[in-house]
Amino acid sequence: MTDPQDTPPDDDSFLAAEFALGLAEGEDLANARFKLANDRQFAIKVAAWQESFAHLTDDIAPVKPPRRIKKKLLKSLFSKQRLPLLERLWVWKGISFAAFGLLAYLAIPMLRPVPPEVPMPVLAAQLKGQSGPLELLAIVEAGGTEVGLRRIAGTAPEGRVLELWAILPEQAPLSLGVLPQTEVMRIALPAVLAGKLGQVTLAITDEPVGGAPDGSPTGEIRAVGALEEI
Amino acid sequence: MDRREIENLIARVALKDRAAFDVLYDQVSAKLFGVCLRVLSKRAAAEDAMQDTFVKIWNNADRYQSNGLSPMTWLITIARNTSIDRLRARKSGHQDIDTPGLELSAPGPSPEQAAVAGSEAKRLIGCLDGLEPDRASAVRGAYLDGQSYADLAERFNVPLNTMRTWLRRGLLALRECMSQ
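Quick note, the sequences are listed as chains A and B, same order.
At position 87 of the first sequence (counting the first as 1) the number is 87 in the UniProt record's numbering, and the numbers step up by one without a gap.
At position 73 of the second sequence (counting the first as 1) the number is 73 in the UniProt record's numbering, and the numbers step up by one without a gap.
These are calculated hints, taken from the structure and not from any lab test.
Errors might be hidden in some of the hints.
Computed cross-link-like contacts, DSBU-like style, restricted to lysine-lysine with a CA-CA straight-line distance of at most 30 Å [as the list claims (entries may be wrong)]:
1) B/LYS31 - A/LYS64
2) B/LYS42 - A/LYS70
3) B/LYS56 - A/LYS70
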């Protein structure tokens with residue numbers, strides 16, 4: 001125990017500082033984690049200390065890292081997606097069997113009958129959020145003009161709407177519109193995406209009612225997934 | 001580095017824009033590598049820590065906006081925490097430090113609150129210089145060298161509880177100084 005005079009009134013600020021420094025241990029650490037997730041005032045205190053302590057790096061001179069690190073990094077993050085289709089099956093390992101069933105169920109009635117002599121490849125994406133429960137499956141024919149979506153879980157936060165975006169490499173996200181609240185949705189694809197569907201990443205953000213005001217996303221990303229040929 | 005530019009890049013990385021990630025890497029990797037090197041000293045370890053840092057940035061950029069940190073603070077804190085986790089990993093029973101945007105966090109400060117926090121934060125170095133040298137050195141030791149209470153108590157040759165009280169007084173004095 002410490003003397004009463006050693007215990008200043010604002011324990012929270014001290015815990016926030018201890019947490020930001022990485023000094024909090026055991027019960028204190030558990031307590032800090034809980035407060036961080038649930039107590040906005042505490043989260044603000046932690047952020048303020050982090051902002052302050054980051055200045056301890058002000059006089060650390062930048063050091064150019066060797067070029068090979070960037071190569072290694074990009075390879076470790078992205079090379080998987082450059083593999084040929086058959087080797088890309090790992091992508092689907094993450095999708096549960098049930099989701100696969102849904103996908104098949106979704107694919108058959110939603111796509112227009114295709115003449116058998118010209119089978120069109122089909123692209124699909126599983127859109128998932130890292131933090132929230134929102135999950136959708138998206139499916140589109142190569143050369144198709146609309147994307148079909150099926151909601152598996154999650155809804156828009158209260159008072160917000162979900163907006164769908166298509167992202168091509170090196171381009172700003174393109175709004176595909178606000179999602180209706182139905183389980184199955186068909187969203188028209190703009191002509192600029194024609195022939196590039198294999199490079200498209202779909203993302204869903206939450207936006208104010210009516211959609212993002214100036215055509216670029218303003219809200220948090222709720223789900224994201226890249227279209228892949230199946 | 002322009003704050004808005006970095007913020008914009010992080011927002012695009014959150015949408016899985018690889019080109020933006022590429023540019024972000026070019027803009028901030030030297031600073032982050034400097035931080036990793038300062039914490040870890042060894043080049044090979046710093047290289048690994050930096051690679052981990054950027055993987056975390058790619059995977060968690062969508063959480064950046066909610067924590068109210070300035071973009072460079074967010075990036076530096078990820079690099080620093082990743083390096084310190086690596087440094088401490090050899091010790092048994094080590095728990096990873098949380099990284100902003102990687103842990104569950106209640107919504108952070110509003111832009112106004114963040115601006116106040118930012119201007120106060122700038123006073124850290126001046127205020128740290130006003131502290132008793134040992135206390136300032138303990139704060140730096142914890143932040144830049146990942147020293148735990150046990151490490152600090154040993155270094156300053158005081159009991160653990162004394163170290164805690166001591167640092168608490170230092171941090172309170174620091175906060176008071178920064179808010180003036």
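Hint by hint, here is what the structure shows:
no., hint, result
1, B/LYS31 - A/LYS64, "holds (8 Å)"
2, B/LYS42 - A/LYS70, "holds (18 Å)"
3, B/LYS56 - A/LYS70, "holds (14 Å)"
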